[in-house]
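Visitor: Chains A and C are the protein sequences, given in the same order. First residue of the first sequence: 1, per full-length UniProt numbering; consecutive thereafter. First residue of the second sequence: 1, per full-length UniProt numbering; consecutive thereafter.
Note that these hints are calculated values from the structure, not bench results. Certain hints may be false.
Pairs involving identical chains hold if they fit within one copy or between any two copies, as the list cannot separate such chains.
[Unchecked claim] Derived pair list, reagent style SDA-like, types lysine to any residue, alpha-carbon separation capped at 25 Å: (1) Lys99 to Pro158; (2) Lys34 to Ala84; (3) Lys99 to Gly155; (4) Lys99 to Asp156.
There are 2 protein chains.
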Amino acid sequence: MARPVKSARTQQSSQRRKVRRDLAAAALELFATKGYEATTVDEIAATAGVARRTFFRHFRSKEEAIFPDHDDTLERVEAVLLDAPAQENPIDTVCRGIKEVMRMYAASPSLSVARYRLTREVPALREREIASVSRYERLFTRYLLGRYDEHSHLGDEPLLAEVAASAVVTAHNHVLRRWLRRDGQGDVEAALDHAFTIVRRAFGDLPASAGQRAGAPRAVTDGEVLVTVARTDAPLPEVMRAIERALDQRG
Amino acid sequence: MARPVKSARTQQSSQRRKVRRDLAAAALELFATKGYEATTVDEIAATAGVARRTFFRHFRSKEEAIFPDHDDTLERVEAVLLDAPAQENPIDTVCRGIKEVMRMYAASPSLSVARYRLTREVPALREREIASVSRYERLFTRYLLGRYDEHSHLGDEPLLAEVAASAVVTAHNHVLRRWLRRDGQGDVEAALDHAFTIVRRAFGDLPASAGQRAGAPRAVTDGEVLVTVARTDAPLPEVMRAIERALDQRG
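Excised from the complex, chain A in its bound form (with noise of 0.2 Å):
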């Protein structure tokens, strides 16, 4: 009994990916051609050959019409961070995560090329593009809030968080930005790949407890990166001897 149903529903599940598509390739073309404000509703569901209640039983509003996919990636990327496995770094969860929304433009460079020529000319699309990317960097606030340290509880971590978030967002952005300038050319998922490894050798990784964050010498396993922190205005031999007390450690 089960499979038919299944195949039913992913049947309609395509059959409503491809209402969505055909509906934002009738008003990216309209807009391109007739202009933003001189197309109607109207005009893009008689393009795509659906009705106007059809429409609007996929969009809300003629500027959400050039966005169709921001919906399925948005539940695609919630199933990576549900799905993530519990010793994974948060940030690399989170950075998995966006490379699903990256993955949604790389689907269609052409049509992602054209839609962002339209959104630096129009406000309103611009503005709606705004609000879909502001989804992901909630969704991550609350995902990497979720994931900090039970036991640390300082106040601080809301902030950590969103901050943390952003800067993973506002790579994402800078990356698509810089490949969509470029007419969609090359492999923008290597050229993230290449952006978190900057960032995060550059700011460091979300802190996942008060301890990590004491910034104080701590010992590390063999193969992992050993940091060391002292004041240099103590004389060299008690510094050393500091450093060799957390090295010892290892052992």
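Chain A is already provided as a structure; the job is to place chain C on it using the hints.
Guide: Quick look at chain C alone, frame taken from chain A:
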């Protein structure tokens, strides 16, 4: 001759600010009582006791009218960046810059709280506010990019500058939002200083040059904080020798 001219200019500028604030107060009152959609520019001008064309000499649109101080504040922020001492850490400069924005909100708590409530209810006002904030963010990105070590052309500077600027603006917005939700109670400038301390302890500073970004052991002068980084899968004596070499360069 210079003195009377300057005085006339100051008078003109203070008269200009008064008109802008009168218009803003009128707009805020009308939006709150009649509703944003139902309020016209003519009504705002009439309530403030000026002509319609005077309104348009100060604001391009109805939604701009409740933000009378962003233009002046942007100028003050630019002045902070321009006048910054050459040896100041650029992130410190940007933090001092955005404090000007916080001071603008803190100067009139009840007005700021009333406007915050309105922006949460009216998308057009919310979007106008986002656009205003993005002007500061772009200014900080350009500034940080200009302050990078001129010998470090690795191509990643625009990314790092944008992420750093976004982190500062996100921290500011977080603190501002928390203060507005608490009805503008408490010392928001002190809260902002605390936020900057927390964020920088967690994520570090903007790397000023390629050398600092490489993570190699580096020597610093007495009194500063020394940071050494080494891979711990090297034998302990070797790690210690590397650290000692770095420390020796202090002398």
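Visitor: Now tell me, hint by hint, if it's right for this structure.
Guide: Evaluation of the provided hints:
| no. | hint | result |
| --- | --- | --- |
| 1 | Lys99 to Pro158 | both (23 Å within a copy, 20 Å between copies) |
| 2 | Lys34 to Ala84 | neither (45 Å within a copy, 49 Å between copies) |
| 3 | Lys99 to Gly155 | between (30 Å within a copy, 22 Å between copies) |
| 4 | Lys99 to Asp156 | between (27 Å within a copy, 19 Å between copies) |
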